[in-house]
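With these hints in hand, go ahead and build the complete structure from the sequences.
Using our numbering, the first residue of the sequence shown is number 1, and each one after it goes up by one.
Treat the hints loosely; a few may be bogus.
What the hints assert, rightly or not - Below 25 Å or equal to it, Euclidean Cα-Cα: the simulated DSS-like pairs (lysine-lysine) are:
hint	residue 1	residue 2
1	Lys216	Lys245
2	Lys95	Lys156
3	Lys216	Lys95
Rather than coming from a laboratory, the hints here were simulated on the basis of the structure.
For clarity, every value in this text was computed on a predicted model and none was experimentally measured.
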Amino acid sequence: MSAPTSFRFEVKDHIGRITFARPDTLNALTFEVYRELTDLFFSLERDPRVRSVVITGEGRGFCSGGDVNAIIGELFARDMPGLVEFTRMTCDLIKNMRALRKPIVAAVNGVAAGAGAVIALASDIRIASTQAKIAFLFVKVGLAGADMGAAFLLPKVVGLGRATELLYLGDAVEASTAERYGLFNKVVTPEKLAEEATAWATRLATGPTFALGMTKELLNAELSSDWANALDNEARAQAVCMQTKDFREAYEAFTQKRPAQFTGH
1 MSAPTSFRFE VKDHIGRITF ARPDTLNALT FEVYRELTDL FFSLERDPRV RSVVITGEGR
61 GFCSGGDVNA IIGELFARDM PGLVEFTRMT CDLIKNMRAL RKPIVAAVNG VAAGAGAVIA
121 LASDIRIAST QAKIAFLFVK VGLAGADMGA AFLLPKVVGL GRATELLYLG DAVEASTAER
181 YGLFNKVVTP EKLAEEATAW ATRLATGPTF ALGMTKELLN AELSSDWANA LDNEARAQAV
241 CMQTKDFREA YEAFTQKRPA QFTGH
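Below you can see the structure in the form of structure tokens.
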């Protein structure tokens, strides 16, 4: 795909870094951001330069959700088919994030609200600044708390009772509370956020990427799988991983008492 114009994207040391770059709006989303971000996550599956992803925001916000003027105001002019077209496009973003067989680390630097909260939720790991807040605020604007897959994913992360509370009330949750709920994996000071998120992404990028991709695929599949199918899926997936060069490399590195050098093959 061509270079995105609505956010920054760069690749360094096999880490793809996405930075929302509309700080004056707390990195609110526009139709263009949705489209370009959706296309980017789709293309990253086949980008050999990228083995893990960090997504963050510039300024005080991670992402404050849909831009009130650029998106919400325009939606009032749409008929029902036009509205469904938009809501399906927003879901395509989350679908592509979960389908990407590479780890995504959200570095939540500030406010993550509405769609921004779901983007953080759809990431594999969430590292947050002590200044971060997260709010699934859809009900506060008269919409269902179930948006962009939030009602599916959130109970899997924090449990049904806590997810019900967060989606019903739509209140902003401080970073320390979100960490206690299990929504944030780790909370660090603002000056340590980029370093910490990069450290996680680096560890994942230097890991056995094929095996990590298989793990994510199974995590997705088993969100709605029964026990017997889960066991069968994991047995078959593990047999596939046992044929990779990374599996042999891990064994040889262990026997030779040296660090493993994974290639993702």
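**Unsatisfied constraints (hint numbers, rising)** = Structure breaks no hint.
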